[in-house]
Amino acid sequence: MVYTRRDIWDLENEQPWHPVTLAYAKAINSMNDGYPATDPRSWTYQAAIHGVPTGTPLEPGWDQCEHADWFFLPWHRMYLFYFESIVRKIVLAQGGPEDWALPYWNYDGGGSKNTIPLPFREEWLPGPPGVANPLYVQDRDDGINDGSEPLQSSITSPAQALATTIFSPPPRPTFGGGRLDQGGPFGNPGRLEGTPHNDIHNAIGGLMGDPATAGLDPIFWLHHANIDRLWNRWTDDPNHVPPTDNSWRNQQYGFFDENADPQAKRSKDVLSTVTQLDYRYDDDPLPFEEVERVPREPVRRRPPAELVAATEEPTRLVGRPVSVPVAVDERVDVRRLRNEMAETRRVVLSVEHLDAEVNPGVVYGVYLEGLGRDEPVHVGNVSLFGIERLHRRQGVEEAHDLRLDFDVTEAVGGQVDKLRDVKVRFAPIRLNAESRRRLAEEATEAHPPIEVGRVSFSVD
Amino acid sequence: MTATPAAVPGSAFLRVPVGLPRLADRIVIGATVLAWIVLLWDDRLSGGAADSVIRVTFGTAAMMLPLALPATRHVIASTFRSSRALSVTAFLAAFVGVWVTVGLAATIVFGLLERTGFTPPNVLVGALLIAAGWQALPWKRVSLRDCHLTVPLAPRGWRSSFGCLKFGGIVAARCVASCCGLMLPMFVAGSGHLFFGLLAMAGAVGERRLLVLRRESWLLSGVALGLAVLTTTSGADPGSALVGWFCAIPQRP
Numbered sequence: 001m002v003y004t005r006r007d008i009w010d011l012e013n014e015q016p017w018h019p020v021t022l023a024y025a026k027a028i029n030s031m032n033d034g035y036p037a038t039d040p041r042s043w044t045y046q047a048a049i050h051g052v053p054t055g056t057p058l059e060p061g062w063d064q065c066e067h068a069d070w071f072f073l074p075w076h077r078m079y080l081f082y083f084e085s086i087v088r089k090i091v092l093a094q095g096g097p098e099d100w101a102l103p104y105w106n107y108d109g110g111g112s113k114n115t116i117p118l119p120f121r122e123e124w125l126p127g128p129p130g131v132a133n134p135l136y137v138q139d140r141d142d143g144i145n146d147g148s149e150p151l152q153s154s155i156t157s158p159a160q161a162l163a164t165t166i167f168s169p170p171p172r173p174t175f176g177g178g179r180l181d182q183g184g185p186f187g188n189p190g191r192l193e194g195t196p197h198n199d200i201h202n203a204i205g206g207l208m209g210d211p212a213t214a215g216l217d218p219i220f221w222l223h224h225a226n227i228d229r230l231w232n233r234w235t236d237d238p239n240h241v242p243p244t245d246n247s248w249r250n251q252q253y254g255f256f257d258e259n260a261d262p263q264a265k266r267s268k269d270v271l272s273t274v275t276q277l278d279y280r281y282d283d284d285p286l287p288f289e290e291v292e293r294v295p296r297e298p299v300r301r302r303p304p305a306e307l308v309a310a311t312e313e314p315t316r317l318v319g320r321p322v323s324v325p326v327a328v329d330e331r332v333d334v335r336r337l338r339n340e341m342a343e344t345r346r347v348v349l350s351v352e353h354l355d356a357e358v359n360p361g362v363v364y365g366v367y368l369e370g371l372g373r374d375e376p377v378h379v380g381n382v383s384l385f386g387i388e389r390l391h392r393r394q395g396v397e398e399a400h401d402l403r404l405d406f407d408v409t410e411a412v413g414g415q416v417d418k419l420r421d422v423k424v425r426f427a428p429i430r431l432n433a434e435s436r437r438r439l440a441e442e443a444t445e446a447h448p449p450i451e452v453g454r455v456s457f458s459v460d
Numbered sequence: 461m462t463a464t465p466a467a468v469p470g471s472a473f474l475r476v477p478v479g480l481p482r483l484a485d486r487i488v489i490g491a492t493v494l495a496w497i498v499l500l501w502d503d504r505l506s507g508g509a510a511d512s513v514i515r516v517t518f519g520t521a522a523m524m525l526p527l528a529l530p531a532t533r534h535v536i537a538s539t540f541r542s543s544r545a546l547s548v549t550a551f552l553a554a555f556v557g558v559w560v561t562v563g564l565a566a567t568i569v570f571g572l573l574e575r576t577g578f579t580p581p582n583v584l585v586g587a588l589l590i591a592a593g594w595q596a597l598p599w600k601r602v603s604l605r606d607c608h609l610t611v612p613l614a615p616r617g618w619r620s621s622f623g624c625l626k627f628g629g630i631v632a633a634r635c636v637a638s639c640c641g642l643m644l645p646m647f648v649a650g651s652g653h654l655f656f657g658l659l660a661m662a663g664a665v666g667e668r669r670l671l672v673l674r675r676e677s678w679l680l681s682g683v684a685l686g687l688a689v690l691t692t693t694s695g696a697d698p699g700s701a702l703v704g705w706f707c708a709i710p711q712r713p
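Protein sequences, first through last, are from chains R and Z.
Residue numbers for the first sequence, in this note's numbering: 1 to 460.
Residue numbers for the second sequence, in this note's numbering: 461 to 713.
Take these hints with a grain of salt, some might be off.
Taking CB as the label site, the calculated pair distances span [as the list claims (entries may be wrong)]:
{"no.": "1", "chain 1": "Z", "residue 1": "A545", "chain 2": "R", "residue 2": "L58", "range": "45 to 51 Å"}
{"no.": "2", "chain 1": "Z", "residue 1": "A510", "chain 2": "R", "residue 2": "N246", "range": "47 to 53 Å"}
{"no.": "3", "chain 1": "R", "residue 1": "R373", "chain 2": "Z", "residue 2": "L609", "range": "45 to 51 Å"}
{"no.": "4", "chain 1": "R", "residue 1": "R121", "chain 2": "Z", "residue 2": "V602", "range": "43 to 49 Å"}
{"no.": "5", "chain 1": "R", "residue 1": "A440", "chain 2": "Z", "residue 2": "A662", "range": "57 to 63 Å"}
{"no.": "6", "chain 1": "R", "residue 1": "L58", "chain 2": "Z", "residue 2": "G557", "range": "39 to 45 Å"}
Heads up, incomplete: computed chain R residues facing chain Z, CB under 7 Å, no partners named [to be verified]:
{"no.": "7", "residue": "D142"}
{"no.": "8", "residue": "N145"}
{"no.": "9", "residue": "E312"}
{"no.": "10", "residue": "R331"}
{"no.": "11", "residue": "R335"}
{"no.": "12", "residue": "E352"}
{"no.": "13", "residue": "D401"}
{"no.": "14", "residue": "P449"}
{"no.": "15", "residue": "G453"}
Note that these hints are calculated values from the structure, not bench results.
For each residue, glycine too, the CB sits at the ideal point set by N, CA and C.
Taking the hints into account, I'd like the entire structure generated from these sequences.
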């Protein structure tokens, strides 16, 4: 049987507290109460598979989430798959819907969908009084639980991510994230991981703001189901090819199934949700057909990526807008690059060596000024969900040298010489409650700072 | 459920490195090959203090330059074309300079130790055991991780050159910390010892290549441990024995 994951807002519009939603809530209560914390099917154990606070003694399978690299998407797909199988077994045991599947939250779906779904705002479950609603988490950021501050489209929209044609570099930017198997600098999230994934984590705040606790907020699973759905939407295009490298395809991760038995899957085992994992999304094309991928033309003499402009000093983001000028290499052959731009090359803005002691929980918009337009051009966001993990010294696998890449070819009209007048502007799109309080107090810094080592433009 | 992987045709595109790293590859590989040629074919490197300095310098360059490849790529990708030659030179000079200093210091120390009566193979067994132990320690993994950290570099001018000089020193110092275990048997067996030198280089490069796997440190620990056992049971330096055996091949009927 192929299960269908549906948009929770559509479910709730059909019927408040739709049986699928109610079954999810009741199953969470069972996971909390029905299993000891050491059982892999318990709520806290499942959340700990994603992450635990630094220093927590590790149980099997804990603290293995993948971020800022090309395993982000397959790891989370596997994680949700096994979580869903555990919840489904509990739902069936409780007499819930036989076709139960994890719903997703499409915050970019229009209307009120950019607010948290209604069942996640209520403190009590419907029915007998006095039963706490596990979907409600009190410490979410201001304006989330009451729906008074809808999420802006600049942080919910996957448009820029879906427009990215490459899964992994080269060239950058990518849809799925930077490679991990070649040594050298890494810590390069794909566009989908940045926006909307990281942005939504930061915007919801509270438990969701930290990988060590994110899985404890029930909205986490619906958020990631949406990210997983967006991977399917990206692969609708036959030109969008997942990595063919064996180091990606054979990367294996272990989880626990509905019987608490250990299971393992490789990235190549989760490429098709329908044929390999028995689930689909309600907006997947019907009837299902295996997409025949178009092989990419081998490019053996790709022109070198060329640095054309960069800042000469680090930049510090403290909650207020800041604009930084970039120095342009006077020896750049603008005419040659312009000709190459007309063919296949792109102008890439890189925000390099991002660092912060803690995630300030703020989403910064990245804009280009000086392009002769009335308003700065928004080209992407910076949000540092999981930055704390950069500083953990438990192993070499943790990401470091974090960099974000944005394709700005369209913004600069493909004209490299325009970069001489450009400034890069960082401005907070969404401040968290603490930052707002500190700004109101006119504190020197609105929140713990983010260091940007360098901002650069290259032609790739 | 039937697991049927989606048909994904191969793509050579993803395996082709971008252009600037290719330049880094050429510079580093060229310099490494040159150093090996000088080291292997210059018959002047047989004795005397000056020859020892030359031997250590080229030996260090031959073995350690491959470790600088990722960082050299970073330098090249981070600097404007107008400043690139000076920046790369500054980086490599600092990197090799730190290693040569360490190599010379180790040569002197182990030379003095040898004069005071420490002789292989017992000391070699100890060095191999220390190498095996170091590879298995969590500090080793941390220092290996630190080897891959880069710093933001200014794109041009004196800031770029100075930054690259500093970066070269930092990377080399981190590499010394990470590779000291692998280098120890080479210095104990005699500075420039071919077998242990090659083994250390292969191990150090290999573990960077296999950074994401957890087993590489243990693998190298196992190799060092195996050599220690071999040395103990045979009562001889296995490196010299293997090199001797290899060199004798052409003379066999």
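Do the hints match the structure? See the list:
Checked against the hint of 45 to 51 Å, the C-beta distance between A545 of chain Z and L58 of chain R comes to roughly 48 Å, which is consistent with it. At about 50 Å, the CB distance of A510 of chain Z to N246 of chain R agrees with the hint of 47 to 53 Å. For R373 of chain R paired with L609 of chain Z, a C-beta distance near 38 Å fails the hint of 45 to 51 Å. As the Cβ distance of R121 of chain R to V602 of chain Z is approximately 44 Å, the hint placing it in 43 to 49 Å holds.
In this structure the hint that A440 of chain R and A662 of chain Z lie 57 to 63 Å apart at CB holds, the actual value being about 60 Å. About 42 Å separates the C-beta atoms of L58 of chain R and G557 of chain Z, a value consistent with the hinted range of 39 to 45 Å. Given the 7 Å rule on beta carbons, the hint for D142 of chain R is violated: about 34 Å separates it from the nearest Cβ of chain Z. Checking N145 of chain R against chain Z by beta carbon gives a least distance of about 38 Å; that is not within 7 Å, so the hint is violated.
Because the closest C-beta pair between E312 of chain R and chain Z is about 5 Å apart, less than 7 Å, the hint holds. The beta carbon of R331 of chain R is positioned within 7 Å of a beta carbon in chain Z (closest approach about 5 Å), and the interface hint is therefore held. Proximity of R335 of chain R to chain Z is violated relative to the hint, the smallest CB-CB distance being about 15 Å (cut-off 7 Å). Interface restraint check for E352 of chain R: the shortest CB-CB distance to chain Z comes to about 6 Å, inside 7 Å, so the restraint holds.
The restraint placing D401 of chain R at the interface with chain Z holds, with a minimum CB-CB distance near 5 Å, inside the 7 Å limit. With its C-beta approaching chain Z no nearer than about 15 Å, P449 of chain R sits outside the 7 Å limit, and its interface hint is violated. With its C-beta approaching chain Z no nearer than about 3 Å, G453 of chain R sits inside the 7 Å limit, and its interface hint holds.
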